[in-house]
Amino acid sequence: MASRVVPLGFGSRRTRGRNPGLPWVLWIPACLALALVVLPVVGLLVRTDYTRLPQLLTSDAALSALRLSLVTALLSTIVCVVLGVPLAVVLARARGRGVRLVRAVVLLPLVLPPVVGGLALLFLLGRNGFLGYLLDVVAGVSVPFTTTAVVIAQTFVAMPFLVVSLEGALRGGGQRYELVAATLGARPWTVFRRVTVPLLLPALGSGVVLSFARALGEFGATITFAGSLEGVTRTLPLEVYAQAQADVDSAVALALLLIVVAVVVIAVARPKAFDR
Amino acid sequence: MSLHVDVAVTRGRFTLDVAFDVPGGGVLAVLGPNGSGKSTLLQCLAGLLVPDRGTVTLGGRTLTGVPGVQVPVHDRGIGLLAQDPLLLPHLSVAENVAFGPRSQGASRTRARAQARAWVREVDAAELAGRKPAQLSGGQAQRVAIARALAGGPRALLLDEPLSALDVDAAPAVRGLLRRVLRRTHVGESGADPDGRRCAVLVTHDPLDALALADDVVVLDAGRVVERGPAKEVLAAPRTPFTARIAGLNLVPGVAAEDGLHTSDGRFVAGVRSDDCAAGEPAVAVFAPGAVAVHPAAAPHTGSPRNVVAARVASLEPHGAVIRLRTVGDGGVAAGIAADLTPASVADLGLEPGSAVRLEVKAASVAVHAAVESPSPFPAAEP
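Residue numbers (this note's numbering), protein chains in the order written: chain W, 1 to 276; chain L, 1 to 382.
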């Protein structure tokens, strides 16, 4: 009788080997965690009034909120990349005592309630804030309660997501490729352009998606710093909040729209972090 | 391009203080164990580290002169070939090799042509379109060699270039390195030895040093403990430390007419070399393969002149053989390496702690003069 050989599949990562023993206890909290994420969405789907859905979603207020949300989130993501990539590189590569402190400051918006962030922005750029006063007197510009304020608020809360994921990638990758490029005669700017940035692209992808998603969902800082003016600063989350007090069906429909946009973002960009 | 190095760096309790010259076209091997200062030395040469004192000059140009001069990495004309090929993963083989010329301002066409020549030079023409992830370790290191040389360095640093390769791939890459290092630059006239590229090879493998280098310096704890032509230093190590690197056993003592007296009163029979007179400080050197291992209780056979009792400290695979190291009651029997086949290790039932008798024929032991300066290693002294 021939004995059967059971392949263990240790050979390669692709081989779907058997699990070497997952403690069954983990399944309970894991399922609870999943339920916590999925069930509220299900509740929303159940609560939705599907007959009025098209009409609710195509209302002027909903469409303008959607347009505003997409435009501002896109703009703030661009600002995040343009400013955040250099910041991450400086934080990961610069040496000096101040760098650790600066890193802590960069992470501040991650732990700060967005409302507090909004207040802080208001006191900086508001009519009575020192920079706001300067802008008002010198250029006659007032930032708060404008679409620009929305973009600033979103960038404020979203940038740390990008910086953190890039900095992690930069530190994890080390500087060996950059060093080799330099020994081949590449100047620092060439090294940055032809080595650092290309190697950073995968992390940049997931960082961009994370910060876009965060900007899209931004509420607290926006409403404090930019207010809720329809067509100017009332983004989709703000519209949901406004409708929740007036017309619950409409709020639910808009919430559904936000979920769809979020799912589309994840599906289209499909960063590596989500693609295992 | 001759390279002149004289640097000192102190980091905490560690001090590196070395000086050497490499003539144009020459290859210098730097041997030493971990922590001997090899990487610190490479960092000083590559320009990543500013030494506390000293100078690095290449072809008459001062690259590092403390205080005052520190030419940045990209402008030093010093190429680097590391243990890991470090090919840029987003570029093809050809683009990787063209990176150097392109970064130094060559036109796209010219850089591509140079890359093609170098890729051919390392027999990797058929790999030109591949991405680094599609290469084997040996192929990747070939391409890394082409890339380093295509950058047109005036000196090349090789940092353990073969140690990450498997046993099958290393000889071919070693052969390639030998070919490119021992020959003039592609498209370079080469008549003037001072215009030729020199190289510094950091390694722990004496074979690399013998195959590639003219001269070696042996570093230990940040100092040069031995230097000279590679063949001479490695065939006749003067310090226990170099012997260990060279994979040889070494017993210090005083030369006698037909052997050597150790400081603990033993006599080691051997063949005295011409450079060494009786009564002078000397070392007895023998290869691990020349040591026969018997169980302590087994009867004596034949007539080996050198017999010593010892205990097995460790057994480790070493290429095709098992390298045994001993512990002893101090003196000669401690730290001797012997090579056995796996079969004889099994036959003798050896394991750490086993009592053994080591036998070495006198004809296999060479007695060489020891270093003239007092050795910083009072190794086998009681």
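These aren't lab readings, by the way, just hints derived from the structure by calculation.
Careful: at least some of the hints might be erroneous.
What the hints assert, rightly or not - Not the full set, but computed from the structure, chain W residues with beta-carbon under 10 Å of chain L:
1) Pro23
2) Gly185
3) Arg187
4) Val191
5) Phe192
6) Arg194
7) Val195
This structure is a prediction, so every number in the text was calculated from the model and none was measured.
Just so it is clear, CB atoms sit at the ideal spot from N, CA and C, and this is done for glycine as well.
Each hint, compared with the structure:
1. Pro23: At 35 Å from the nearest chain L Cβ, W:Pro23 fails the 10 Å test, so the hint is violated.
2. Gly185: Status holds, d = 4 Å.
3. Arg187: At about 5 Å, which falls below the 10 Å cut-off, the nearest Cβ of chain L leaves the hint on W:Arg187 intact, so it holds.
4. Val191: 8 Å, holds
5. Phe192: 12 Å, violated
6. Arg194: 7 Å, holds
7. Val195: Nearest chain L Cβ about 6 Å off; hint holds.
When held up to the earlier numbered hints, the structure conflicts with 1, 5 and fits the remainder.
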